[in-house]
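Visitor: Heads up: the sequence lines are chains U and V, in that order. Quick note: the first sequence uses the working numbering, first residue 1, plus one each step. Quick note: the second sequence uses the working numbering, first residue 1001, plus one each step.
Keep in mind that the hints were calculated from the coordinates and are not lab data. Bear in mind that the values here come from a model prediction, so they are computed numbers and not experimental data. We put the CB at the ideal spot given by N, CA and C, even for glycine. Warning: the hint list may mix true and false statements.
[As the list claims (entries may be wrong)] Keeping only pairs whose Cα atoms sit at most 27 Å apart, straight-line, the calculated DSS-like set for lysine-lysine is:
{"no.": "1", "chain 1": "U", "residue 1": "Lys70", "chain 2": "V", "residue 2": "Lys1284"}
{"no.": "2", "chain 1": "V", "residue 1": "Lys1097", "chain 2": "U", "residue 2": "Lys177"}
{"no.": "3", "chain 1": "U", "residue 1": "Lys182", "chain 2": "U", "residue 2": "Lys103"}
{"no.": "4", "chain 1": "V", "residue 1": "Lys1069", "chain 2": "U", "residue 2": "Lys150"}
{"no.": "5", "chain 1": "V", "residue 1": "Lys1016", "chain 2": "U", "residue 2": "Lys150"}
{"no.": "6", "chain 1": "U", "residue 1": "Lys70", "chain 2": "V", "residue 2": "Lys1121"}
{"no.": "7", "chain 1": "U", "residue 1": "Lys150", "chain 2": "V", "residue 2": "Lys1071"}
{"no.": "8", "chain 1": "U", "residue 1": "Lys150", "chain 2": "V", "residue 2": "Lys1030"}
{"no.": "9", "chain 1": "U", "residue 1": "Lys56", "chain 2": "U", "residue 2": "Lys82"}
{"no.": "10", "chain 1": "U", "residue 1": "Lys56", "chain 2": "U", "residue 2": "Lys70"}
{"no.": "11", "chain 1": "V", "residue 1": "Lys1016", "chain 2": "U", "residue 2": "Lys42"}
{"no.": "12", "chain 1": "V", "residue 1": "Lys1071", "chain 2": "U", "residue 2": "Lys57"}
{"no.": "13", "chain 1": "U", "residue 1": "Lys169", "chain 2": "V", "residue 2": "Lys1039"}
{"no.": "14", "chain 1": "U", "residue 1": "Lys110", "chain 2": "U", "residue 2": "Lys69"}
{"no.": "15", "chain 1": "V", "residue 1": "Lys1100", "chain 2": "U", "residue 2": "Lys169"}
{"no.": "16", "chain 1": "U", "residue 1": "Lys169", "chain 2": "V", "residue 2": "Lys1256"}
{"no.": "17", "chain 1": "V", "residue 1": "Lys1100", "chain 2": "U", "residue 2": "Lys150"}
{"no.": "18", "chain 1": "U", "residue 1": "Lys291", "chain 2": "U", "residue 2": "Lys225"}
[Said to hold, decoys possible] Beyond 12 Å from chain V on every Cβ pair, some chain U residues (computed):
{"no.": "19", "residue": "Lys103"}
{"no.": "20", "residue": "Lys152"}
{"no.": "21", "residue": "Asn163"}
As a plain string of letters, each chain reads:
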Amino acid sequence: MFSFTKKQKTYEIRNIKIGGQPGENPTLLFGGFFFKGEPDFKTAEKDLENMIYLSKKTGNPSIPDFFIKKEEFIEEIIIFIKKNLPSGYLFSVDIIEPELKIKTLESLKKEKLLDRTVFNSIHVGITSEEKKCLKENTPAMAILVAFNPKDKSPDGKIEVLENSAHLQKAGLIDITKEIGIKNILIDTAAMAPGDYSGSSISAIPVIKEEYGLPTGCAIHNVVEKSKWLDDFKHAKKIVDAASNMDIPLFGGDFAIFGPVQNADFVFPIIAWQDILVSEYTENYFGTKPSKDHPRRKFF
Amino acid sequence: MEDKPNTTVIGSYPIKIDNHEFINNYYQNKKTSWQRYIKNAVDDMVNAGIDIISDGQTRDPFVNIYFRKIKGCRIRARPEVVDNVEFEKPITVDDIKYVKKIIPEKTRIVGLIAGPYTLTKSCVDMYYNDEKKLSFDLADVLQKEAELLQKHVDLISVDEPFFSVSIPDYACDLIEIVTKKLSCRKRLHVCGDVSKIIPVLLDMPVDILSHEFKAQPGLFNNFKDYSVDKKICLGCVRSDKKRVEDIEEIKKHILKGIDVFDGKINQLSPDCGLRQIPRENAFKKLSNLVKAGEEIYG
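Take the sequences, apply the hints, and build the full model.
Guide: Now the structure itself:
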């Protein structure tokens, strides 16, 4: 366990406090609402309630991450958010298609929700229309995916943050600042097994030391893509949840932990890891855990 | 008039990259091939009628192509040297092999080597703290790449733009190391104002000297003061301006070149890589260059 020499940025926004030195703030957990096919809002309501309960119990802040695949789902999902998510909570919208991102941002502005929105995500595929839309409809926070198609190592992730590996005119950090988004989270871009998968974890301390920005990833994607684990069906879900432990262990600040249905496993596992890290970093570096840290909740 | 010069390129060619495809493939766990971008560049050069084409250097700014694969280097905000530099694996050979597969039989290929001094000047040296030592170690790396590359190309061009800014007293030695195992023709490309280093350039262990005579027309007069025993690759269209030179303008320029170099002009090319200008303009520049050459030399 370690402490960074670079001063670490901490954001305090709505229900979350994120960033800082290892052991300082609890790991922020993004739970995915993927809605395979038509959104099932009844189940989603229960899952959301459960995640909020687990968040309060452990002290690990949470953000529901809504995956939007089709235009017709935008309105329904926004209605769901307004109805079910406490007003003090942030939420994120996870969208791949640029046109859909634009339409969603416009709808969020109309509903006055942008100050609670985490935009997932900005990456080398960002279009000029998307940039323009983000300037006009600026969310509270954005996740920058440091995926570099030319170099998947931690250095490559820095390269893409610095200059987009020359695939855009500026680096992802400058693009985001130019848009006007003030709160930046760095996602180290989990890769498939056999394709530099470990670099998403090893990049966490590298990026935190370089920029001091809150950093994390969706390491569970690596588990999902580990097809050999299909021979161990009973273990795969546990491995999936446990993989998130690597993030706080390597100094990271947030985990995009996959399906919200895994929350019952993920929250206690991460709370346990946060306590472990905090005990060490306080003893060795004098890093005090924040008031909502799991170590304060359970001891 | 001597043999008809070949039309050729210096290196890079502008190709639009589909960034969104990278991201879609990332999310779908698919690999993205770069070959279609190489093919786009190659097809344009071939369709413009260029005799000796390159791979278009579409992957990266040209120095990054090298730093990405040289052991001891990494690329962050800029290329950085963090350890002893060593040759680890071929750098451009696979792309050139692909180019060879997709071009007509009569079309030839120039293999491109970023010069060791230019690489040294383009990186942050965090390990050697000795410019000369780093340059010589990089020259050794590039010699290995050039040796592998020559099996697949008709000409190797060493690109040393930094020589026009500052040239070390060991410049010839560096080029000697890079090219000494080559049996194919060798070209040295130095863009910018080379008027003050012409004697050094004329001593270089290469067959062809390539310079940007279009952007630096004063070079014609400067070269008149020397006895030139090397072949010349004449830069005929600008690589830093979008404006497309028409055929007549290029012909006038070539005739000026003939006036100075007589039969020494061996290649007609753009001034430098065309990466910075729009693709449509780059294509027209190459097409006009070919037509101008044909009208003069037949």
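Visitor: With reference to the structure, classify each hint as holding or not holding.
Guide: Quick rundown of the hints versus the structure:
1. In summary, the hint linking lysine 70(U) to lysine 1284(V) is not supported, as the alpha carbons are separated by about 42 Å, beyond the 27 Å threshold.
2. Of the pairs offered as hints, the one joining lysine 1097(V) and lysine 177(U) is violated, with about 42 Å between alpha carbons and a cut-off of 27 Å exceeded.
3. Between lysine 182(U) and lysine 103(U) the CA atoms are separated by roughly 22 Å; this keeps the pair inside 27 Å, and the hint holds.
4. Pair hint lysine 1069(V) plus lysine 150(U) holds up; C-alpha atoms about 11 Å apart against a cutoff of 27 Å.
5. For a cut-off of 27 Å, the pair hint linking lysine 1016(V) to lysine 150(U) stands: about 16 Å separates their Cα positions.
6. This hinted pair does not check out: lysine 70(U) and lysine 1121(V) have alpha carbons roughly 50 Å apart, beyond 27 Å.
7. For the given pair, lysine 150(U) sits about 16 Å from lysine 1071(V) by alpha-carbon distance, which is consistent with the 27 Å threshold.
8. Between lysine 150(U) and lysine 1030(V), the direct Cα distance comes to roughly 14 Å. Compliance with the 27 Å bound is thereby established for this hinted pair.
9. This hinted pair checks out: lysine 56(U) and lysine 82(U) have alpha carbons roughly 20 Å apart, not beyond 27 Å.
10. Between lysine 56(U) and lysine 70(U) the CA atoms are separated by roughly 32 Å; this puts the pair beyond 27 Å, and the hint is violated.
11. For the hint linking lysine 1016(V) to lysine 42(U), the alpha-carbon distance of about 46 Å lies beyond 27 Å, and the restraint is violated.
12. Between lysine 1071(V) and lysine 57(U), the direct Cα distance comes to roughly 50 Å. Violation of the 27 Å bound is thereby established for this hinted pair.
13. For the suggested pair lysine 169(U) and lysine 1039(V), the alpha carbons sit about 23 Å apart, so the restraint of at most 27 Å is met.
14. For the hint linking lysine 110(U) to lysine 69(U), the alpha-carbon distance of about 20 Å falls within 27 Å, and the restraint holds.
15. Distance hint between lysine 1100(V) and lysine 169(U) is unfulfilled; the C-alpha atoms sit about 32 Å from each other, more than 27 Å.
16. Simply put, lysine 169(U) and lysine 1256(V) have alpha-carbon atoms about 38 Å apart, too far for the 27 Å limit, and the pair is violated.
17. Distance restraint check for lysine 1100(V) and lysine 150(U): the Cα-Cα separation of roughly 23 Å lies within the 27 Å cut-off, and the hinted pair is therefore satisfied.
18. With a C-alpha separation of about 37 Å, the suggested pair lysine 291(U) and lysine 225(U) falls outside the 27 Å cut-off, and the hint is violated.
19. The Cβ of lysine 103(U) sits about 16 Å from the closest Cβ of chain V, beyond the 12 Å cut-off, so the non-interface label holds.
20. Annotated as non-interface, lysine 152(U) brings its C-beta within 12 Å of a C-beta of chain V; the closest such distance is 10 Å.
21. For asparagine 163(U), the shortest C-beta to C-beta distance to chain V comes to about 6 Å, within the 12 Å cut-off, and the non-interface label is violated.
In terms of the numbered hints stated before, the structure departs from hints 1, 2, 6, 10, 11, 12, 15, 16, 18, 20 and 21, listed from lowest to highest.
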